[in-house]
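Number of protein chains: 2
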Amino acid sequence: MSSSTTVRKLEVVSPVPADIDIANSVEPVHISEIAKDLNLSPNHYDLYGKYKAKISVSCHYSVWLKTDLDAQVLLSVLDELQGSQDGYYVVVGGITPTPLGEGKSTTTVGLCQALGAFLDKKVVTCVRQPSQGPTFGIKGGAAGGGYSQVIPMDEFNLHLTGDIHAITAANNLLAAAIDTRIFHESTQSDKALFNRLCPPNKEGKRSFSDVMFRRLKKLGISKTNPDDLTPEEVNKFARLDIDPNSITWRRVMDINDRFLRKITIGQGPDEKGMVRETAFDISVASEIMAVLALTTSLADMRERLGKMVIGNSKSGDPVTADDLGVGGALTVLMKDAIHPTLMQTLEGTPVLVHAGPFANIAHGNSSIVADKIALKLVGPGGFVVTEAGFGADIGAEKFMNIKCRYSGLTPQCAIIVATVRALKMHGGGPAVVAGKPLDHAYLTENVALVEAGCVNMARHISNTKSYGVNVVVAINKFSTDTEAELNAVRSAALAAGAYDAVICSHHAHGGKGAVDLGIAVQKACENVTQPLKFLYPLDLSIKEKIEAIAKSYGASGVEYSEQAEKQIEMYSKQGFSGLPICMAKTQYSFSDNAAAKGAPSGFVLPIRDVRASIGAGFIYPLVGTMSTMPGLPTRPCFYDIDIDTTTGKVTGLS
Amino acid sequence: MSSSTTVRKLEVVSPVPADIDIANSVEPVHISEIAKDLNLSPNHYDLYGKYKAKISVSCHYSVWLKTDLDAQVLLSVLDELQGSQDGYYVVVGGITPTPLGEGKSTTTVGLCQALGAFLDKKVVTCVRQPSQGPTFGIKGGAAGGGYSQVIPMDEFNLHLTGDIHAITAANNLLAAAIDTRIFHESTQSDKALFNRLCPPNKEGKRSFSDVMFRRLKKLGISKTNPDDLTPEEVNKFARLDIDPNSITWRRVMDINDRFLRKITIGQGPDEKGMVRETAFDISVASEIMAVLALTTSLADMRERLGKMVIGNSKSGDPVTADDLGVGGALTVLMKDAIHPTLMQTLEGTPVLVHAGPFANIAHGNSSIVADKIALKLVGPGGFVVTEAGFGADIGAEKFMNIKCRYSGLTPQCAIIVATVRALKMHGGGPAVVAGKPLDHAYLTENVALVEAGCVNMARHISNTKSYGVNVVVAINKFSTDTEAELNAVRSAALAAGAYDAVICSHHAHGGKGAVDLGIAVQKACENVTQPLKFLYPLDLSIKEKIEAIAKSYGASGVEYSEQAEKQIEMYSKQGFSGLPICMAKTQYSFSDNAAAKGAPSGFVLPIRDVRASIGAGFIYPLVGTMSTMPGLPTRPCFYDIDIDTTTGKVTGLS
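Listed in order, the protein sequences are those of chains X and S.
Residue numbering for the first sequence follows UniProt numbering, beginning at 1 and increasing consecutively.
Residue numbering for the second sequence follows UniProt numbering, beginning at 1 and increasing consecutively.
Bound-form chain X, shown alone (with noise of 0.2 Å):
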């Protein structure tokens, strides 16, 4: 047994009851007890509530206050742990799911329950926070299931810290400050517009505000007294010249709304017809949570944000967030979300919740700085579980190529969550379709049609191994399942190359239903034998690289749209071409094309457009059409979302 302090027992039943339940069965303990555990002291997080804590990453602000460091002062944790050493770092991917979902957030979740509470190891859960649309749309939360969750459940799914609702606020008020700053040039001279931006004090003195020097520095100018500027140096400074048709940036918003899809904005008699095609996505899909999920600290997030590229000017020059003096203000936004949130599992094991971006449409990765505050939390021996989203084609690539690539953090071992239920669909199995029920052929023994859809995972397996980690293969057991199938499964998964493919039902069992796995990844991690390889080198061209990727997809070559062809050679000529890739293609199939299943080979990947995440750091092809704001059906799940108004009892979360 455990000999950590919070660890409780649970209580399994069976069936298995709905998630809301379960999670409401337990009472989860004080978040400080948690800290506790992990030997953090109470200056080391801010309180919010009784269940979550933010970790500190930047030293807070009231340290400036005193010279003496006391219980009011924030300590950065990082700066603190710098000198001890990592715990092991394992990364949790997938097969191609259906549209149900794998479990792979369970299987996350599951494996650090074994871990901490039946093997007795340290472990930190690092999973993303979950975006606010799914939850009242289709999805429903994702805490994970079954007696493998982070709780309290509805605190995880609802607002948490306010993270995601910092960077909406933060995203939005640069889009404002783009379209103003359009507005306001359009009507003013250089000089009313110069006078504007450094107005005369009380003694008729000008200045220039600190953000200002990072736009006089790009432009090459050293001058610190505005009335020292020429005319022409007037001019470069204070007029942005953006071109509205090389807008990038758009407003988001944390809500399923297809009607904001495509808008026009600027109608309004004031804005003197000064009307412009544009849209909203959904928050998650924001450079500012990609910059949330890469940066390695406060100074670096706000480098970052300072340096978000929002279109070009007419003459083709990238236009950035301090260009348009909102870097600052930006950062001031995000000061807090900059903390991951402490939570805990059923099992009472630390979870750190931070950042969340889709990897169909972003990167999909929780943040490095939640990752690498829990490696140091859990040190040598110990095990931080970190979730990439949907299949290992795009979740996990984009951990390697990207996050590892920024952060010099090396993964041990990856999992590769894989079910029957959806190696039956690769195998040629009837579609699966969400709020349908299942056909028959998912809930009967059909070994052929697994074995046959097994393609999908061999190919995530090697691709995942080229990256010179250990795979191990969770095989999420459903009450469907049987014995003959499971087995099918794992002999093909040890076939395919995996270091180790194991059977568990931590979503009926909990911890204990994953200790197997919590053992083969402990193997694993300890047999290291290769260095970490990435998929491609910073140094290729933006089509090489886009090339490298969509060969690890089975693709025979790549197509690219006359904008995606313009697009890339403006980001090369502009010096963009040196970032990694990112690229935005759909979860369900290896290719562009959703229906495609199982290990498809030999078609051509089509580039439909192509932007640029400069603060975040990486390029960002569209594969084919993918839409970055879902939709809401017919009967949303917020039909039976409500409170219990005498206990405050959140009732229809799933």
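For the record, the hints were derived by calculation from the structure and aren't laboratory data.
Remember, it's a predicted structure, so these values are computed and weren't measured experimentally.
There's no promise every hint is true.
Identical copies carry no separate label here, and so any pair may be met within one copy or between two of them.
For lysine-lysine, the following BS3-like pairs were computed, each having C-alpha atoms within a straight-line distance of at most 27 Å [what the hints assert, rightly or not]:
#1 Lys-262 with Lys-272
#2 Lys-307 with Lys-649
#3 Lys-217 with Lys-649
#4 Lys-649 with Lys-465
The hints should help you fit chain S onto chain X, whose structure is shown.
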């Protein structure tokens, strides 16, 4: 000196430093100390960091887990203190302000610092949460100013505890539900629609979700089994048949984004040409903000959110949030927002921050629950000072006729904040423009100009007095004011019927500068001679109520647009004519014309449109053209806002 354990002495310097520098020069005490001083125990609140705590209005979810009450359980402070007596209730309003503001928040905070830190009274300050829009736009923060501020000032102005973000999320979830529902109804038969709304489960049985029974009840259908509905009942139940032109519900954002004042949505190919013209308002203008401000309990909030009307069916019936099935989900999104946030002043007295609608476009008062909790906490002989927005013509009027009507609370004293600067403007001084240097007239003595402007103050005094409260004028002293000018204001105030008029310097000296004001307020509270009188009874017609308010503005009559006539007729037909009136009018004049200073009269008040906030509980006439979405200037405040990345210190917030 005070018996409070948290009160601290201020060392004031002259000239008064920048607000943020003063705020940052004081180390706040841990908020649990402030709570303790109010006799709150840890199970009455949740910590949000070290300097903010949410005071529990309703019991917290974990209560239902246990029969015994322990620290895991959040108790309802309101329920617990039900029996105990209230303290004195003081509302702060102002004369018609200049665009620079006359220090209403500053006076509210300064008075409380005087009562708590110098007059040894139990006191709680109740203020509104500021909108982030103006914080990054023109106005800057709203924590008070000089040596009378709420701290930490940056936490007060940014995010706070997420209430406005929750309102934005809830408002926009409802908006998405409206357009998506119209879309789905347009593409589906009654039967298909009904099948999707009440899908059969594995056993083929259908059921209604709880929220659906609200609609069934409204339709007079008492059946509980979906299969029993007749085709006509299916049609009535499943088809809301919303008239797109009748939709008054708009999306919101807590950003000054003028380009969203008028937009066209639904232009994506998947939306099949179902385009619609709509707009974004700033979040604080959302009806949900008004619901939060006017609600009295979690159960009451659930009802109000469910009955919010978003528009009409094509046959003219109001369509509610519960008709759309989303009332419960909205309440879940708002479940934490209902708890007021406890903070502190520079001198360590307690502050409750809650709700924050603008008084020009909404009712502009902080929440009923915050005031109620505060009145119980201070108890008999204690003081609750609550702020009403802008001039007494709108802020105090709505406080009396809307807020007090719903809360049943009775104020003893109303403070009207006046400045020599604003009175000079009303006397005919040159225009005062934000961001532009003040005209000479405002910096040198001109008693005649001040006296000429006192007609504005006089009308605010007599209007406010007519509610039956004692009116105390707080003359907020600026360094450029002369004694003769200040005395002129004082005499004019007394002549106009003020109970007292006090010159105060809390901006320069903190509570010490408002001690005389505190003494005057205490006398005023102890010597109330009349009961509370409303300006109009609810059983008047909508027009009669509008006209009663217009008369108090000095108007000779009211002129209704065709649209306004149409809306009034509709709301009357729908049975909503018994609600109080919430005028949306400029704060810069008694009239609809912001340029008409002093005490204009004989004008005809134009009602451009009339809307209804049925959930919040008021009818909402638009007087002239009122923008519900501010814009950004050429050089927004955000140019100065940044963060010191080594200390985390926020800079440039004003």
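**OP:** Using 27 Å as the alpha carbon limit, work out where Lys-262 and Lys-272 are close: within a copy, between copies, both or neither.
**Re:** both (21 Å within a copy, 12 Å between copies)
**OP:** Give the relationship of Lys-217 and Lys-649 under a CA distance limit of 27 Å: within one copy only, between copies only, both, or neither.
**Re:** Close across copies (24 Å), not inside one copy (55 Å); limit 27 Å.
Original post:
When no copy is named, should Lys-649 and Lys-465 be tagged within, between, both, or neither for a Cα gap of at most 27 Å?
Top reply: neither (45 Å within a copy, 45 Å between copies)
Subject >> Same-copy or cross-copy closeness of Lys-307 to Lys-649 [CA-CA at most 27 Å] >> reply: The answer is between: 21 Å across copies meets 27 Å, while 44 Å in one copy does not.
Against the hints set out earlier in the document, a violation occurs for number 4 only.
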